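From first to last, the protein sequence lines are chains A and B.
If you use full-length UniProt numbering, the first sequence corresponds to residues 1 to 575, in order.
If you use full-length UniProt numbering, the second sequence corresponds to residues 1 to 575, in order.
The set of hints was computed from the structure by calculation and includes no laboratory data.
Warning: the hint list may mix true and false statements.
Copies of the same chain look alike in the list, so a pair counts if it works inside one copy or between any two.
[Stated by the list, open to error] Derived DMTMM-like pairs: lysine to aspartate or glutamate, alpha-carbon spacing no greater than 20 Å straight-line: (1) K158 to E510; (2) K279 to E573; (3) K540 to E503; (4) K540 to D506; (5) K449 to E278; (6) K538 to E246.
The model shown is predicted, which means the values in this text are computed figures rather than measured ones.
There are 2 protein chains.
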Amino acid sequence: MRICTIASRFSRIALRFWKLICDSGDRVAIFISRCDFVGHFGPLGQGIANAVGLALGEKHLAARFNKPDNEIVDHYTYCILGDGCQMEGISNEACSLAGHWGLGKLIAFYDDNHISIDGDTEIAFTENVDTRFEGLGWHVIWVKNGNTGYDEIRAAIKEAKAVNDKPTLIKVRSFPYILFGNDNHHWLWVSEQGKLVQRTWKCMGAKEVDATRKNLGWPYEPFHVPEDVKGHWSHHVPQGAALEAEWNAKFAEYEQKYKEEAAELKSIITGELSAGWEKTLPTYTPDSPADATRNLSQQNLNALVKVLPGLLGGSADLASSNMTLLKMYGDFQKDTPEERNVRFGVREHGMGAICNGIALHSPGFVPYCATFFVFTDYMRAAIRISALCEAGVIYVMTHDSIGLGEDGPTHQPIEHLASFRAMPNLLMLRPADGNETAGAYMVAVLNRKRPSILALSRQKLPNLPGTSIEGVEKIAAKAADELKKEGKTVRVVSFVSWELFEEQSDAYKESVLPSFVTARVSIEAASTFGWQKIVGSKGKAIGIDRFGASAPAGKIYKEFGLTPEAVVAAAKELF
Amino acid sequence: MRICTIASRFSRIALRFWKLICDSGDRVAIFISRCDFVGHFGPLGQGIANAVGLALGEKHLAARFNKPDNEIVDHYTYCILGDGCQMEGISNEACSLAGHWGLGKLIAFYDDNHISIDGDTEIAFTENVDTRFEGLGWHVIWVKNGNTGYDEIRAAIKEAKAVNDKPTLIKVRSFPYILFGNDNHHWLWVSEQGKLVQRTWKCMGAKEVDATRKNLGWPYEPFHVPEDVKGHWSHHVPQGAALEAEWNAKFAEYEQKYKEEAAELKSIITGELSAGWEKTLPTYTPDSPADATRNLSQQNLNALVKVLPGLLGGSADLASSNMTLLKMYGDFQKDTPEERNVRFGVREHGMGAICNGIALHSPGFVPYCATFFVFTDYMRAAIRISALCEAGVIYVMTHDSIGLGEDGPTHQPIEHLASFRAMPNLLMLRPADGNETAGAYMVAVLNRKRPSILALSRQKLPNLPGTSIEGVEKIAAKAADELKKEGKTVRVVSFVSWELFEEQSDAYKESVLPSFVTARVSIEAASTFGWQKIVGSKGKAIGIDRFGASAPAGKIYKEFGLTPEAVVAAAKELF
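The whole structure should be built from the sequences, with the hints applied where relevant.
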């Protein structure tokens with residue numbers, strides 16, 4: 001479709017693989033390494049899981065859009081991973097799914113160089129990776145001379161491409177001559193090919209750099225690219241342009257012949273939404289039946305899927321609790337990749353990172369994923385990468401408070417809202433009823449460069465007067481009625497999103513929270529941490545600053561003091 | 001050593017295994033299931049990782065304390081895990097380490113019942129678990145009839161015990177007849193042994209319950225334990241007492257013959273610290289050289305290991321960056337399990353959960369583990385379990401801010417301090433110099449039922465006047481000097497721990513932060529989220545509410561406005 005390359009900081013290693021892949025004549029290569037999408041060292045294991053998402057994106061689009069006479073979607077996803085990535089649990093989660101889905105166009109190079117920061121991998125990593133990957137349903141190839149065995153690597157790439165029903169791991173045994181410039185990293189120095197002469201943990205001095213250059217036969221100045229190297233690489237520039245032109249011509253043909261499909265595919269490639277898409281979102285009135293926001297969420301997802309060709313996603317084995325099934329579609333599986341319900345299994349971390357890969361594959365993909373809100377703890381590193389690399393993943397997080405029944409404190413989020421409100425470039429949305437849920441989805445879909453977490457309830461909530469999809473301000477409580485009966489003037493404000501509120505004008509903020517009103521009470525079934533910003537020095541924050549407990553929702557709310565009576569009492573103290 | 005049982009909610013399954021283990025005549029069994037330590041459904045995968053920690057604890061103590069004539073430490077660790085646990089990456093991390101360490105006394109039953117919440121495991125989990133575990137270095141046994149093949153299970157337990165150099169996975173193929181009472185869970189109903197007759201996702205009604213009881217030949221009232229069942233189980237009560245008496249006699253012998261070792265072992269078993277242990281902590285004066293708190297941390301760890309027989313731990317492949325090596329000791333490895341430096345590899349999540357297992361093995365174990373602070377994101381679920389099940393793990397988290405060099409925003413914590421300050425039952429400690437680091441360790445060691453996170457710097461920090469191990473109040477800034485020069489009265493307060501401050505008396509809090517002083521400025525190289533509680537409505541919080549960037553520490557601090565000048569300017573606005 002297009003060429004997407006992400007350079008690796010393991011430059012020597014990555015460049016070698018990259019060159020050989022380019023040489024292999026791939027029309028299009030998507031390429032990731034253990035580096036992340038912002039150009040720095042990435043958190044280990046994220047890259048391979050992103051790659052699984054990219055390969056899923058290709059397989060899905062190919063199944064939906066390819067025609068016998070025009071295979072418009074057709075590219076490989078390459079990934080380089082190291083020992084550290086292999087040790088991280090996220091890579092096992094994602095690779096288990098890649099095997100399950102039979103992602104035949106995913107080719108991963110495992111740079112098996114036996115080196116970790118703390119020393120030889122022997123000290124902590126002696127498992128048989130080949131056997132594990134065979135268990136995960138991968139095709140495994142072993143390249144024994146990763147340093148100079150170019151023909152071996154070329155043959156491995158060829159073999160990998162011939163295997164269509166399984167992803168391939170090319171385990172490349174290499175001897176490291178990596179140099180790190182950072183003063184807290186180790187460096188390695190080999191005098192001869194494959195023979196480790198010296199190893200130390202200190203920074204390399206000028207003397208050692210010189211000796212290493214000599215050993216490697218590299219007589220050039222720093223940052224100098226010799227002409228022959230430049231020549232070898234630069235022919236890929238016109239080659240790439242030619243490949244792009246070829247693809248564009250192919251797409252023009254496709255567009256003529258398959259108008260409808262072409263428009264849909266184009267929307268996924270460009271990220272342009274169809275005009276008026278948001279009108280499909282359901283609306284509610286105070287007469288609409290009370291419902292849990294997780295159910296309202298499902299109504300929104302099933303409405304949106306009709307107008308968003310790139311919407312797809314699923315849950316980490318809680319689809320029927322998170323209410324995330326798209327009823328018009330079947331499961332994305334090895335033999336039904338055109339479907340849109342993704343079954344992630346109990347693999348939250350892998351799920352988040354795979355969704356990052358999907359989101360980054362094409363701007364019009366709108367991936368969503370789901371679990372209980374408390375289990376964002378399992379996938380937090382992937383969520384942070386969504387925020388950092390601007391992947392607009394929608395996190396559908398249900399069971400958003402202690403009101404979830406008897407599963408108890410391991411399943412009850414307390415600090416999670418606060419913890420995400422503190423995370424940059426992420427929208428933490430907690431809608432209170434139908435219209436706010438629809439509004440939250442509108443915001444989430446529009447924010448393609450900012451991930452959203454929707455915290456949704458398991459309990460039924462009434463539809464409130466004054467809420468709207470567009471509005472932010474809303475009224476939402478019972479306690480106010482009590483106080484009003486006593487002649488107090490009370491305003492109830494529902495804070496769907498702290499981030500969106502912060503982004504409003506000062507005048508708007510003042511209109512919602514007038515500064516002369518210092519008698520403020522916040523109530524949230526979660527940690528009070530952070531609420532002092534809203535209630536001010538003279539206000540009071542009601543919440544839960546301990547772990548939850550195992551009890552029915554009504555009982556636990558009462559036990560923890562989350563009742564209209566408690567709010568009334570707190571408010572009266574402030575008047 | 002002692003019997004520690006944690007009942008499973010998969011009662012039928014767990015009880016069956018448990019009974020057979022008891023029957024096998026184990027002197028001591030430590031038993032975990034996929035449930036956590038507080039009696040509820042645990043987050044999946046934590047249990048098996050805890051079990052690895054428990055088995056590590058046994059292997060370590062056995063190596064240190066057993067004598068040819070008295071093997072005082074000698075027990076198996078049993079664990080039951082399900083498909084969900086197998087899918088979670090944490091279990092792969094922990095099981096990879098168990099294989100690496102050759103934890104021969106770890107025996108895990110994998111209840112391979114092909115059922116997940118969303119349906120048959122076929123939809124998301126088709127990997128070959130046997131092969132994967134063989135790759136991880138485990139001995140794998142397959143019990144084909146897990147429902148009634150008791151002899152098969154007995155034989156498997158016997159075989160597992162005969163394998164001393166590898167952990168064993170007993171894959172038990174079972175057909176489920178699990179009943180869940182919660183209305184959002186599925187239930188399964190089999191009419192005959194092994195034959196699935198009906199499956200639905202709704203709650204079971206009285207009629208179905210009756211039919212199931214009939215099918216299973218269970219004529220009793222709810223909660224009734226028939227006499228023969230009671231008889232079968234109750235003989236374990238006197239048996240257990242006899243085993244305990246036997247062990248006590250053995251220990252009495254041990255104590256007489258190996259006085260010194262017995263005292264040490266006793267301290268680990270009881271958790272009683274030797275009097276005056278805290279005197280070993282280093283102290284500093286303003287004349288002590290400026291140093292990074294990560295280095296000061298290492299001085300503390302190496303001092304503590306001399307007086308805490310249960311101190312052991314390590315890093316997730318960053319020992320030389322986190323400064324966590326205990327210099328008097330070698331590596332805990334398969335053949336050197338008596339050593340105390342644990343090499344976790346790049347497996348943060350498994351590391352945290354393994355440390356929970358170590359902590360819960362014996363109250364005198366003081367496990368610590370380390371990585372960069374930002375990578376707490378990878379292990380947050382395990383840290384939450386530390387807090388929830390009161391395991392006093394010490395989390396040594398270095399590189400605590402944007403001041404860590406060129407690794408960039410993926411390695412720079414922003415929201416992490418706030419996110420942990422919001423977590424219940426956890427001490428978030430951020431010492432500012434030598435004495436505060438020692439004080440933080442004192443607090444962490446004393447809090448055996450509350451985990452601690454120490455956020456430590458990579459940069460050198462000066463030792464400040466007025467700090468002490470015992471004190472909380474301290475002075476810590478440059479900006480204050482500027483303001484004082486201009487005749488302002490300024491107090492600089494270092495907030496080592498918000499939680500400990502909260503626990504102080506109102507009078508103390510007022511003495512540190514007098515309420516009449518409303519001109520307050522907070523400064524922290526992290527999210528400002530939550531600081532409004534401290535600075536009040538009229539104060540100002542200086543921090544970083546965006547992701548970091550790649551630059552040397554000095555440059556990035558300046559760029560982000562974290563300078564004495566910025567603090568002076570903010571303060572002046574408030575006067």
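Okay, the hints, checked on the actual structure:
| no. | hint | verdict |
| --- | --- | --- |
| 1 | K158 to E510 | neither (65 Å within a copy, 72 Å between copies) |
| 2 | K279 to E573 | neither (45 Å within a copy, 47 Å between copies) |
| 3 | K540 to E503 | between (24 Å within a copy, 18 Å between copies) |
| 4 | K540 to D506 | between (23 Å within a copy, 17 Å between copies) |
| 5 | K449 to E278 | within (18 Å within a copy, 51 Å between copies) |
| 6 | K538 to E246 | neither (67 Å within a copy, 63 Å between copies) |
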